[in-house]
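Can you make the complete structure from the sequences, with help from the hints?
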Amino acid sequence: MAEDFPNSPRKASDYRRWFLKGVVASASIPALILMSAFVGFAGLAREAGITLPQAVFMTGMVWALPAKVVLIGAIISGSSLPAAAFAVALSSVRLTPMVVSLVPEMKTERTRPWVLYLLSHFVAVTSWVLAMEHLRTVPRDMRTVYYGGLGGTLVVTNMIVVTVMYAVAGSLPPVLSAALLMLTPIYFLTSLWGSARESAGHFAMIFGLVLGPLFHVVLPGFDLLAAGVIGGAAAYLVHRMRKGRGAAT
Amino acid sequence: MTFDAFDAWWWPYLFILVGGWLATDAWRFLGVYLGGRLRDDTDALVLVRALATALVAAVIGNLIVFPSGALAAAPLALRLLAAAAGFGAYLLVRKSVVVGILTAEAVLIAGLYAIGFNGG
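Which chain is which? The protein sequence lines are A and B, in order. Under the working numbering, think of the first position of the first sequence as 1, with each following residue one higher. Under the working numbering, think of the first position of the second sequence as 1, with each following residue one higher.
It is worth saying that the hints were derived from the structure and are not from the lab. Even glycine gets a Cβ: it sits at the ideal position worked out from N, Cα and C. Accuracy of the hints is not assured; some may be wrong.
Stated by the list, open to error - The calculated label-pair distances, taken between Cβ atoms and stated as ranges, are:
hint, chain 1, residue 1, chain 2, residue 2, range
1, B, A110, A, R197, 31 to 37 Å
2, A, D14, B, V18, 36 to 42 Å
3, A, E133, B, N118, 44 to 50 Å
4, B, W9, A, G170, 17 to 23 Å
5, B, V93, A, V115, 40 to 46 Å
6, A, P9, B, W11, 47 to 53 Å
7, B, N118, A, A167, 21 to 27 Å
What the hints assert, rightly or not - Computed list of lysine-lysine pairs in DSBU-like fashion (alpha-carbon distance at most 35 Å, straight line):
hint, chain 1, residue 1, chain 2, residue 2
8, A, K11, A, K107
9, B, K95, A, K107
10, A, K243, B, K95
11, A, K107, A, K21
12, B, K95, A, K21
13, A, K21, A, K11
In structure tokens form, the structure reads like this:
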């Protein structure tokens with residue numbers, strides 16, 4: 001393929017074309033599911049007492065939905081800023097290995113570091129899955145531009161989704177309003193189970209589901225951290241013990 | 001230092017910046033910095049993923065058992081039933097997130113209509 005030549009001169013129209021291809025690639029089933037999750041997020045943010053500008057700001061600046069849901073959970077349970085930041089950080093460590101595996105796919109000798117740091121902000125589950133799927137079909141020197149189009153479109157689209165749904169959520173009849181607030185939990189209940197790579201993920205989910213509400217009653221303000229640390233560590237230990245016994249993982 | 005501790009307009013934004021943006025982008029930037037120098041299947045990463053999963057699951061559990069707004073007025077049994085039905089449908093039908101969401105919502109909405117739910 002002639003386009004794979006790293007030294008072939010690139011015209012501005014090439015950049016525009018691959019950026020637009022990235023924009024088009026964002027229109028996908030995973031992106032639609034993500035949008036429905038952001039519909040739920042908008043309702044959740046409203047109920048948590050977060051204003052519309054704050055909810056849109058959060059969408060653009062944090063982007064990863066699990067991190068935002070943990071942040072809102074911390075706000076609802078009255079956590080202090082350090083506790084909230086610690087819980088969000090704990091929920092977001094998984095972004096590092098995702099970026100680590102994505103960067104070599106996009107990097108060329110001439111890629112400037114700031115471009116990679118900027119693009120890394122778009123990394124969250126959906127854009128990462130789409131990028132890992134499509135990047136191999138993109139000429140190497142066009143991959144950063146392509147991912148900029150793909151990731152940027154997902155962020156901006158969902159900022160619009162949050163704006164519109166936040167405005168609409170206030171005038172929904174009670175049944176639909178309740179259904180809207182059910183979207184986030186059921187989205188994560190299913191997608192979190194599917195994204196677990198080893199049995200530890202499934203145990204962690206079960207422990208977290210039970211410990212969250214339990215600690216909500218016994219340890220208000222620290223419920224998320226306690227459930228995350230104790231549930232996660234217990235899941236890891238169960239995983240290790242099963243592995244030690246030679247059971248399937 | 002909670003989200004509504006200060007009356008200033010900028011405080012919630014600072015809270016979101018430090019508690020949200022810094023706490024997530026720091027990990028992304030670390031990923032760029034490390035480049036290809038990290039393996040994805042080490043034991044430490046299994047633990048990290050387990051902690052993160054349990055944390056998000058804890059929020060999900062709270063959102064179902066102690067929800068806010070209109071969902072709080074729906075009976076707990078119905079919320080649990082809808083979540084269980086959605087998850088069951090998800091497992092049965094090729095692990096389809098869409099099927100799971102639609103099933104849970106259908107059960108919840110049908111249940112709410114059946115009991116004459118009016119948000120109170």
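A quick look at each hint next to the structure:
1. B:A110 <-> A:R197: 31 to 37 Å: holds (35 Å)
2. A:D14 <-> B:V18: 36 to 42 Å: The hinted range 36 to 42 Å holds for D14 of chain A and V18 of chain B, with Cβ atoms some 40 Å apart.
3. A:E133 <-> B:N118: 44 to 50 Å: Holds, at about 45 Å.
4. B:W9 <-> A:G170: 17 to 23 Å: holds (21 Å)
5. B:V93 <-> A:V115: 40 to 46 Å: holds (41 Å)
6. A:P9 <-> B:W11: 47 to 53 Å: Since the Cβ atoms of P9 of chain A and W11 of chain B sit about 51 Å apart, the hinted range of 47 to 53 Å holds.
7. B:N118 <-> A:A167: 21 to 27 Å: Given about 23 Å between the Cβ atoms, the range holds.
8. A:K11 <-> A:K107: holds (19 Å)
9. B:K95 <-> A:K107: holds (34 Å)
10. A:K243 <-> B:K95: Given that 35 Å is the threshold and the Cα spacing comes to 25 Å, the pair holds.
11. A:K107 <-> A:K21: Roughly 19 Å separates the two Cα atoms, so the pair holds.
12. B:K95 <-> A:K21: Holds, because 29 Å separates the two Cα atoms, which is no more than 35 Å.
13. A:K21 <-> A:K11: holds (16 Å)
In summary, the structure agrees with every hint in the numbered list given earlier.
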